[in-house]
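Construct the complete structure from the given sequences, taking the supplied hints into account.
Note that the protein sequences, when read in sequence, are chains A and B.
Residue numbers for the first sequence, in our numbering: 2 to 266.
Residue numbers for the second sequence, in our numbering: 301 to 561.
Hint data in this document are derived by calculation from the structure and do not stem from the laboratory.
If you're wondering where the values come from, they're calculated on a predicted model, not measured in any experiment.
Take the hints with a grain of salt, since some may be wrong.
[What the hints assert, rightly or not] Stretch by stretch, here's where chain A covers chain B in the computed footprint (C-beta under 8 Å, at least three residues):
no.: 1; stretch: 334-341
no.: 2; stretch: 473-483
[What the hints assert, rightly or not] To give a feel for the contact side, a few chain A residues facing chain B, derived at Cβ under 7 Å:
no.: 3; residue: 92
no.: 4; residue: 93
no.: 5; residue: 174
Cβ coordinates follow ideal geometry from the N, Cα and C atoms, glycine included.
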Amino acid sequence: MRKLIASIRIFISGAWLSYIALFNWTHPASYIASKIMYPFTGMLFFLYLGISATGKDTAQFYIVGNALQIAALSGIYGVTMTIGRERNMGTLIYLIGSPANRFVIFMGRAFFNVLDGMLGVVMGFIVGTLLGLDLSYTNLLGLALTILISSFSTCGLGLMLGSISLTALNIMFVNNTFFFLLLVFSGANLQLDKMPVWVQSISKFLPLTRSIQSARLLINGATLTEVSSLLASELIIGLAYALAGFTFFRWFEFQARKRGTLEAF
Amino acid sequence: MMLSRLRVVWTVFYMYLKQIAIDGFIIFTVIIQPLLVALLAIYLLRDSDGFQAIYVIVGSALTGIWSGTLFFNSFNIQSERWSGNLENIIGSPTDLQTVVLGKALANTTISLGSVLFSYPIAALLFRFRLTIAHPFLFIVSLLLTILALMSLGLVIAPIFSLNPGNIMWINAFEFPMYILGGFLFPVLMLPAWTTPISYILSPYWAARALHDTSSGITFLSDVLISWGLIIFLSLTYLFISNWLFRVLLRRAREKATLGLQ
Chain A
2 MRKLIASIRI FISGAWLSYI ALFNWTHPAS YIASKIMYPF TGMLFFLYLG
52 ISATGKDTAQ FYIVGNALQI AALSGIYGVT MTIGRERNMG TLIYLIGSPA
102 NRFVIFMGRA FFNVLDGMLG VVMGFIVGTL LGLDLSYTNL LGLALTILIS
152 SFSTCGLGLM LGSISLTALN IMFVNNTFFF LLLVFSGANL QLDKMPVWVQ
202 SISKFLPLTR SIQSARLLIN GATLTEVSSL LASELIIGLA YALAGFTFFR
252 WFEFQARKRG TLEAF
Chain B
301 MMLSRLRVVW TVFYMYLKQI AIDGFIIFTV IIQPLLVALL AIYLLRDSDG
351 FQAIYVIVGS ALTGIWSGTL FFNSFNIQSE RWSGNLENII GSPTDLQTVV
401 LGKALANTTI SLGSVLFSYP IAALLFRFRL TIAHPFLFIV SLLLTILALM
451 SLGLVIAPIF SLNPGNIMWI NAFEFPMYIL GGFLFPVLML PAWTTPISYI
501 LSPYWAARAL HDTSSGITFL SDVLISWGLI IFLSLTYLFI SNWLFRVLLR
551 RAREKATLGL Q
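Put into structure tokens, the structure is as follows:
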């Protein structure tokens, strides 16, 4: 029992401290610029680009896709930097040296980013309604579940990228590339069924693809049962990425201990 | 006097270009991001009326050029501060603006690499035949684009260094220029109140000149107007930059923040 309480304490305090450290929150400007201005101006850009191609009637398609894409900001940038910066800031050695449960530490790094990602997507939908998004036929419970799962699955990808970034010199290169890959291949801005097979094949292995599909169906009046298989698949993809990330993290730890390269760059 | 300044600009340009050419962030901004934007834009726009692959390529390249200009120039002065060089530069007989000019020129030059890297994706992946309608006018437009972005870079650099907190706002400026600059869609689609904002941005006129000369112009006078406005706005930016640099240096000396991290 005491072990469980200790693990929960480590999970929550580790999650919170790593999250607030991420933004160096002495000033809210950092949060406003990177979590509000950047995604919403991005949403506007892709919305206008989309409707310049397919007409104003299709605006809802781009609004929904790009609102869900906001989850990737917290999932990819937030989680990856939370893990990757342990090494840059010199705190990884203490983390590895502590007796704390590795799984709890690792998963804790994603916890607040899941919540933050959800908040971002909700704000995206609010902005979307101002731009003409119609939620009157939407199963709101289903949409809330979709938002939660999309945020979780992108954080799963973030955990994997974060582990990889422990061996990479440039974390931002990895983050930026995957964020833009999602913009193209997740279906946020493209109708995947009209894309070539190779694009569809890549999209199947990415988080967000099924959440975006699910959100679009729910907004068009589908029930939660109708999208449940999509959401279950998305959840499995998120878990698979998170577990792959954890496995890589443990491998990195083992190799770093063996070779004495924990802080080597 | 002029020659020695030019020598400093050249030396900074050459040294800085070598330094940044292998930076992972620059590789992403100049190569990968425009490629992915081009890929997305081609898939989106290829079935639309009047689709021209060269329009998408030039527009996607402009996104990379702007991102490069914004991000690299924002850190032009800050990076010297972080590495402890700013005091040495200020103490040297060459003024800070001349040094930053060399860096801005290097940033713009490397950002133009976006044009080179966006081109193959359309040519190889989509098998589009890409032709530039007016090659000579396009090259002149490209040279004026360097002037436009370099002078804008000289405004960006001191703005983001005036206050350490300003640097946090960089991300907020990336997409607005993609939108207001009319890189991949006409600004006429936007609400009318945004049009005057586009008109005072030199990247908007650069985009117009590049699109007109690559996709095919209706009137030469349209291109000449764009060129004229690029030159006028660039001179205005240089004037503003000159004032901002003076404010920056005076403030740094008054508050003793020259080496403040």
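Item to complete: With a cut-off of 7 Å on the beta carbons, see whether residue 174 of chain A makes it to chain B.
Response: Because about 4 Å separates residue 174 of chain A from the closest Cβ in chain B, which is inside the 7 Å limit, the hint holds.
Worksheet item: Checking C-beta pairs, does the stretch 473-483 of chain B have three or more residues closer than 8 Å to chain A?
Response: holds (count 5)
Fill in: Claimed coverage, the stretch 334-341 of chain B by chain A - three or more beta carbons nearer than 8 Å
holds (count 5)
Item to complete: With a cut-off of 7 Å on the beta carbons, see whether residue 93 of chain A makes it to chain B.
Response: 20 Å, violated
Worksheet item: With a cut-off of 7 Å, does the beta carbon of residue 92 of chain A approach a beta carbon of chain B closely enough for the hint to hold?
Response: Violated, because the Cβ-Cβ distance from residue 92 of chain A to chain B comes to roughly 19 Å (cut-off 7 Å).
The structure shown violates the earlier hints numbered 3 and 4.
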